Amino acid sequence: MNNLIHHIPAQLDDILKSMPWFVPELGLSILFLIVFLADLIAGKKMAGLARTVSIIGMLVVLFTALQQLPLVPVGESHFVFNGMLLLHRTSVCFKLVIDALAILVLIYIPWDKALRAHFKGLGDLYSIIIASVLGLHLMLMAVNLLSIYLAVEMVSIASYLMVAYRSDTQTTTEAGMKYVLFGAVASAIMLYGISLLYGFSGTLDIFADSFIQNLIHVSPLSVSLALVLVMVGIGFKLSFVPMHFWVPDVYQGAATPVTAYLSTLPKIAGLGMLINFLTPFVFSTSWAAFDFRLLLSVVGVITLIVGNIAAIWQTNIKRLLAYSSIGHTGFALMALVTFSEQGISALLFYLAVYAIANIGALMLCSYYVNKIGAHTLDSYKGVGLRYPLPSVCFVMILISLAGLPVSAGFNGKLLVFSAVYDVYQHSPNVWLLALLITGAATTVIALFYYIKIPLYLFLKKNDHHADDLIVNHKYLLIFICVISAFLLLTGVFPQMLNFLQL
Amino acid sequence: MNPTLPHTDTLTIQLAIVAVLLPLAASLLNLVLVKSQSKVSGWLSSFAILGSMVLSVLVFAKVWNQPALHAQQLWFVVGTMQVDVGIWLNNLSVLMLLLVTAVALPVHVYSIAYLKGDDKYTRYFAYLSFFCFAMLALVIVDNLVLLYAFWELVGFASYLLIGFWFIREKAVLANKKAFIMNRIGDVALLTGILLLYADFHTFNLVTLFDNHATAAFIGTADNYWITLPGACFLIGAIAKSAQFPLHTWLPDAMEGPTSVSALIHAATMVAAGIFLLARVYVLFSPNVLMVMTIIGCFTAFMAATIALTQNDLKRILAYSTISQLGFMMMAMGVGAYSSALLHLAAHAFFKCLLFLSAGVIIHEMQHLKEKHNLDIDPQDINNMGGLGKYMPVTFITCIIASLALIGFPLTSGCLSKDGILVQAFLWADNKGGFYIIIPVMGVLTSLLTIFYISRLLFKVFLGKSRLKAVMPAWHIEAHDGSPLFKIPMIFLALCSLFPLFSTNPFEYEHSWIYRGFAIAVHTVSALDYHTIVLLSINVLVIPIAYFAYSIYVKQKFSFKTTSLLFKISFNEWYIDRFYHRIIVKDILRIGDLTKWLDKNVLDGTIHLFANTGVAIGKLTVWTDKYIIDGLITMLTLIIKQAGNFVRGFQTGRVQNYLFTMLLVIVVIYVLKTFI
Amino acid sequence: MNILSLLIFLPVLFGALILVLPEGLRYIYRYITLLATLLQLGLSVWLYIAFKNGAGYAGVANEGQYQFVEKVHWIALNLGSMGKMQIDYFVGIDGISIMLLLMSSVVMVIAALASWEINKNHKGYFALFLLLDMAITGVFCSLDFFLFYIFYELMLLPLYFLIGIWGAARREYAAIKFFLFTLFGSVFMLLVMVGLYFSVKDPATGAHTFNIIQMMNPANYDKDSIFGFIGQHMLLGLPARTVGFMVLFVAFAIKIPVVPLHTWLPDAHVESPTPISIILAGVLLKVGGYGMLRICFGIFPEVATSYAFWIGLLGVISILYGAFNALAQRDLKRLIAYSSVSHMGFVLLGIASQTTEGVSGAMMQMVSHGFLSSMLFFLVGVIYYRVHDRDIYSFRGLGTLMPKYTVFIMIAFFASLGLPGFSAFIAEAFSLIGAFNSHNFNGLLPAWMGMCGALGILLSAGYFLWTLQRMFFGETKLKGGEVWKLALVDISSREMLVLVPLSLLTLTLGIMPSLVFVKINDSVLAFVQFIHK
Amino acid sequence: MLTYLLLIGAGLFCIGIFIVLSKRNAIQVLIGIELILNAAILNLVAFGKYDKLNNGGQTFALFAIVLAGAAAAVALAIILNVYKQYKTIDPNAVDKLKD
Amino acid sequence: MEQIVFFVLGFVVLASALTVAASKNLVRSIFMFFVTLFALAGLYVFALADFVAITQVVIYVGGVLVLMLFAFMLTNKEVLNNLQQGSKRFISLQKLPALLVAVLFLLILVNAIIKAQPDNLAWIQASAQSGNVISPTDNMVPNIGISLMTRYLLPFEAVSIFLMMALIGAAHLARKEEHKF
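Protein sequence lines, in the order shown, are assigned to chains A, B, C, D and E.
Per the numbering used here, the very first residue in the first sequence carries number 129; after that it's consecutive.
Per the numbering used here, the very first residue in the second sequence carries number 2; after that it's consecutive.
Per the numbering used here, the very first residue in the third sequence carries number 157; after that it's consecutive.
Per the numbering used here, the very first residue in the fourth sequence carries number 36; after that it's consecutive.
Per the numbering used here, the very first residue in the fifth sequence carries number 2; after that it's consecutive.
Bear in mind the hints are in silico, worked out from the structure with no lab data behind them.
Where hints are given, some of them may not hold.
To be verified - Covered by chain A, per the in silico footprint, the following chain D stretches (three or more residues, Cβ under 8 Å):
hint, segment
1, 51-63
2, 78-92
3, 115-126
Claimed, not checked - Some chain B residues near chain A, calculated using beta-carbon distances under 8 Å:
hint, residue
4, Leu174
5, Thr606
6, Leu609
7, Ala643
8, Gly644
9, Phe650
10, Tyr658
11, Val665
Stated by the list, open to error - Taking CB as the label site, the calculated pair distances span:
hint, chain 1, residue 1, chain 2, residue 2, range
12, C, Tyr329, B, Thr606, 38 to 48 Å
13, C, Lys560, B, Phe646, 37 to 47 Å
14, A, His345, E, Ala16, 34 to 44 Å
15, B, Glu371, C, Val201, 26 to 36 Å
16, A, Lys602, E, Ile55, 55 to 65 Å
17, B, Leu29, C, Tyr329, 46 to 56 Å
18, B, Thr634, C, Glu273, 54 to 64 Å
Since this is a predicted model, take the numbers as computed values, not measurements.
Cβ coordinates follow ideal geometry from the N, Cα and C atoms, glycine included.
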């Protein structure tokens, strides 16, 4: 104890100095409380209050996150809270994307009829989302095994809650159970791996020199095991093969806005975290025990293939999108394994665009469910001609997801390919090439199923139409249009997203 | 135009061009402006061709035996290659120019009457004029691309005209056949042209063939690259001139109007093959010439034997045409270049005449058939007979033409045919030994020619009408028809006599056409016994054949017409037996055989080829559907099945998921660390 | 605004107009579309006239020699340590593109006129039609690979819907097949495109570039770059440049299409509505040929030369295989579709010969086939529109029933089978000359290829004449009996309006091929010279 | 001693895995998960002995226990809801969502 | 002595865990789990983490276990009994895959742990030398307290929000509310 005491001032000092770097997260914490209290106090009377508050609050948070941009120039980084967190340009950019997407999801939530029908109200959901966003922020900055675990758990638990939020339907609860069991196992295994890592290195701080140095001296066999176990936890968040099994079931079962959240935010944060986690290994010259590039390349290739070929068979739209999101994870891994600055910025661009498109697609799922109760491809028959505008938007969004020009998705894909190419040019690695080829080939396969949606919307004829449910969805539609237009615009002028570039 | 030419030459060239373009103008006018079935169209076309003829005469007078005229203008440029349009007027082209117009004019006039009342009257003349344009252009153009173009266009015109009555299934099948078989030749010709281009980098005939440097080059060049284009050109000519084995389209082509057969399938287009050989004659290597000789000779013989047993009037004439074209080709092959052209010219007139006569006859028969509602084929000679007295003009002109065909003295045929045979004998003498078979076959063919044409004449014009035998009450009312029939026939009959070609009816060497070309290629002195031999053959054989034939059709003999010959048939018994058993029967059997061969083997082969094409087509369709598309389907299937496999893990049971996940992790780890 | 940009974006403006017009005005959409295409045609004609000839305007590998160039910075993506990804909006034309541009404008007008038969979802149809129009025009004008790729891909989706919504019975299958096939090619093209970007540096700016013209210059390649000339990279056991060439080749070969990558074509052509068949056959296939020339051969000339034999062989196979297939078809549209395969084989053969004659012939064939296939498909559409049947065996003796129609079909058929006087003759002849000449000129193709190609001409006569005989001649006999007899009226004046100009065009080009050759000659010369450098 | 602790942890981990995979009752599965977590905590504690200064192991163990508790609470709440809907908590019987 | 107790505790941990695994009866397995947790707490003490041991007892035994019992009672007992009919034996065919994975993991883990030679790890040696090792006499509670308020302040605070959220969520899920409409 005594030998700790003289560290106290320095550490407290560090904490105080950390505060300016921590504004968005502080904001989130406060916002969490406000939302929670607001809902608790006035939620009964004003159903939309929590949402309004949280959206406004998130805008503020987004603003503060934007403030961090000039604060953290490229190449500079700050350890915050005694090395618990690391703030650098990448994490700021990721945070921006995540905040923006979170706002999108928040706006979207009550527009889903199924979710709105929840008799317990949506107030708690907003609090949970805000807390999870905090977790996501932490994930992006975590450089300490403890903070990593904590952040992951925070996001996970929040996700479980969100999935199971509608406690009165079978699908949501089933999805929730599967998710929670799967997730708990994954995080338990991850924790075990973390414990081993801690044991082998003697420190929780992965950016400490001793971390790598100690690991190098341990039998590679053992360290590999620890790392593999840790990757299980991260893989669960990213949903790459073989940690992808929960994805279709949960995405299908959860309420659509929740799916929109799940398929984007944790994935992005997970990748951001993975970048942090891998940095010490990749950039240490003496590290040779475990080739992350190899592992992730192989996993990426398999994920690309598995996600895309399984999606071919799907008839449920959400399930289809779920598999496609697995495929996208594979693609994101491709960008990641470049381990280059350019690769990361391509990754970010790709993710942002993917996430927006995916949210848009799920919004459309909601739209059609709301309008005509259409869940499956079959029920989409001939709908495109009755609802031309949303259907055209759907096509636009799918183009972006598939990565065809002219769409933001295509630019994302181009950037990723470029990044991989550049790395390949300097260090030919057969796995990079395999990734490139698989990436291209799976694009074709992906089109196989993406094209099914327009196929059913426009090409198939349906004689007996489901009746319109008279619900006014003007705002949802407007939002969908905005998203489509955004995707198109960034397709033509991708420099609009240049601020995301590192 | 080439500015360096003197004014008169420019004028000549312009005249030639106008001569070519006049029919085109007529054709276009007929197609676009003239109302259908308007009488105007016939006269329009006729006057156009008359104009062409007059101009041709002028041009001919200017150019014949004068230095060749050549003018060209840039057509287009591809890369560094300039392709010109131009005309090359030398003896050959002006002769053909004159010949084509001279034959076409009577046919046009004839057609005015022949096609009267047809619902596509205007169309007919448009096509006919178009044909004339293409044919005239073909003979004067100076480069191979244009030559090929017009070569195909005459084929196209022929296609249109054969299928003129396109409601008739046979006509349509025939025109398709004609075009496709011609196309075989066309493709060969095109290949030849392109091969030549690859060697010489020019299409210009003048540069290629009127130039000693080229000739020298050809002499020294790699044999293969010269032989090959030569062979290709030969195949082109074979198809166009209906030579074995690509001749079967011509008999079928008789489905067209008879006037068309007269012009296109007797006089002009089929002669284009011979013309082509003449134009590029320098190119042929001895081997190709030998092939040419053999093919020509064989075709001549074969077609003659087939003609022996045909009953369709026009088919007999068609085979006769094939046979005569074979003669010409053989002549080309043996080096009787000028004789071949002489025969070409002579043949054009008399064969055209024969067809026109046949047309009149058929016209009358058709008339009878319709009038009496008979179920007969108006073209079958078995239904005719004794028509001579009703149709004197036709009869006489027909006899003249037949004599010309036989090569009877005082006709044009005598001049040309003798020339060919004599030169063939000389050629065989030079070669020695076995080659004598070629001229012998030629002579034999001549004899057969006599045989079949006599048969034709007798069956059609002499004897009693066989129809009358069937229906005695019937009163024959055939006649020569309108003057529009008679005048062209008389004109052509006159042209079939010797004065047009030579002052000396026995010496082909004195023929101006022969002289016009003799210097150009070979000078063959033929002042030996051959002339006499051949003449005697010709003279002797006529009575014998006539004799034999009169016996063959004995029962239908009318004494009036044969009284003179009756005495000569004194020994009819033995000779009849002899001929009938030994010669007639055998020859007829050969005729049957060749007919059978022609029908089944040759045509069969062609059908086989066609069917093979379609079969290959079916096969490729199958390949396309099952193999190529099948591969794609299989690929998709594999992908789908793989997807299904992956899907198989998605059992919906979370513990299964966990199990799979953990197992995979273990496997990955084990693979990673222990391998 | 640059005239090319105007040409490219004009259709979209009209398309937007159609989109905002209320559905009640749907019957004037077609006039708007027609107006747009006519305006475009006017612009193209103006371009054609204003296009300057001469060795100084050859274009090909010389950026300064392109005409009507517009080059503005378009996209600048930050790539971190690698600097910026600079993409230009760069359009311009040379002799290789001008004729195709003009041809496609004509075909679009024809297609617009053929769109009269569209009877549902007018708004969507015409909007997509004009979008497609833009993409096609863009492809022929782009000189920036990225831009090219964008337009190239942009063609797919409108076509997917146009086939899929307005097509015939098996339209879904056809649409998907078409889409996936072409996408398969272009996705890998994307990889090569990116690879090229990182291999090439613009000497002026020192930055990487998508500029196609810069990609043609070996001096611009970085040392040790993937597609660089020096320090050959190996990909999958082959030299990288070979792989790059092959990928591009496959991409464009699918479009052309080359056997055995052609199976999308019969399905797509057959199932499409008439105007789309016209566009597919008339223009889209040429995009493949154009890409082959400009990009595949342009960027990898030395590989193209070393593989010329195989390319030529593929061309010959396409010619014969397509022809044989056509021979055995009984669906008229399918027959024409396969004849397209055969005729486009000449393009490949001509290009493979790498001689001026061959390349000119290929260019001519593209232009000529553009008009002819449009005409053929339009003619099929005429019959199909009347009785909804295309089976050759269902008809007989149409010649008496529809004399004018028969005249046009004969013109189209005979022109297609290479009758002299029509454009296809010149085109095929020169493709073949190229093939024959190649033997002497550069020794790339053996002479037998030319001969086999010539055989294709023969076969084409076979199937076209058979069809004529079977369908149009003989006694009138129809599957549908009297009902059809009434339905099968002769062509209307609108149809005349399409057919007469097309017939005249193909005739004019056959008689005056210099109309084409004079514009393309310098470029073709430069191109051949460039390839053999 | 450290090694033994780790081995015990490893044993717990494996037993936990076994339970997770084999039990037909979600609550038992949850117990299995807790066993795995405890294995990890045991590791942390065992190593934490040698990290007096930062005290990472023990602190981490505390956090882990707390988080595990919270996770368990959430999981149980969800399982209760599943029971309400399905009248069973056999994870294998709850398989409406599948391919 | 200490050794013996240690091994006994270790044995109890593993044995009770195995019983949990083998038991069909949910109640029995929950109680055996209770034993495991207690024995583990004992092991924590041996690892000189008394505060952790206490926390373990309080949170796990007092919290989680009780929760589980509640959950057990809330779920219908009969259904659970039906479930238990399945298979009586510890090793059944259905469980074989699970067993396989577990054994595989065991092999791997044991191998990895032994290969790593935990007692000879460099940093542990260094800590031992520099006295950075907790000795039985040390009172670690203030140490932990200081750590939580300084070095681990962020997780500490974050966990509060985390718990709050979990509370809100779990309460939301568990609470019964009548349909409003």
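Hints and how they fare:
1. Only when three residues or more bring their CB closer than 8 Å to a CB of chain A does the claim for the segment 51-63 of chain D stand; here the count is 3, and the claim holds.
2. Coverage of the segment 78-92 of chain D by chain A holds in this model, with 10 residues showing a Cβ closer than 8 Å to a Cβ of that chain against a need of three.
3. Counting residues of the segment 115-126 of chain D whose C-beta lies closer than 8 Å to any C-beta of chain A gives 6; at least three are required, and the coverage claim holds.
4. Annotation: Leu174(B) was flagged as interfacial toward chain A, and the flag is violated, the nearest CB pair being 44 Å apart, outside 8 Å.
5. Because the beta carbon of Thr606(B) sits about 49 Å from the nearest beta carbon in chain A, more than 8 Å, this interface hint is broken.
6. Hint status for Leu609(B): violated, given a least beta-carbon distance of 45 Å to chain A, over 8 Å.
7. Checking Ala643(B) against chain A: minimum C-beta separation of about 5 Å stays under 8 Å; hint holds.
8. Interface hint at Gly644(B): satisfied, since its Cβ lies 4 Å from the closest Cβ of chain A, which is below the 8 Å cut-off.
9. Interface restraint check for Phe650(B): the shortest CB-CB distance to chain A comes to about 7 Å, inside 8 Å, so the restraint holds.
10. Below 8 Å, beta-carbon pairs count as interface contacts, and Tyr658(B) has one with chain A at about 3 Å; its hint therefore holds.
11. For Val665(B), the suggested interface contact is upheld, since its CB lies about 4 Å from the closest CB of chain A, less than 8 Å.
12. The hint said 38 to 48 Å for the Cβ distance between Tyr329(C) and Thr606(B), and at roughly 41 Å that hint holds.
13. For Lys560(C) paired with Phe646(B), a C-beta distance near 59 Å fails the hint of 37 to 47 Å.
14. For His345(A) and Ala16(E), the Cβ-Cβ distance of about 35 Å falls inside the hinted range of 34 to 44 Å, so the restraint holds.
15. The hinted window of 26 to 36 Å between Glu371(B) and Val201(C) is violated, with their beta carbons roughly 57 Å apart.
16. Evaluation of the 55 to 65 Å hint for Lys602(A) and Ile55(E) yields a pass: the beta carbon distance comes to about 58 Å.
17. Under the hint 46 to 56 Å, the C-beta atoms of Leu29(B) and Tyr329(C), about 47 Å apart, fit the expected range.
18. The given range of 54 to 64 Å is broken by Thr634(B) and Glu273(C), whose C-beta atoms sit roughly 32 Å from each other.
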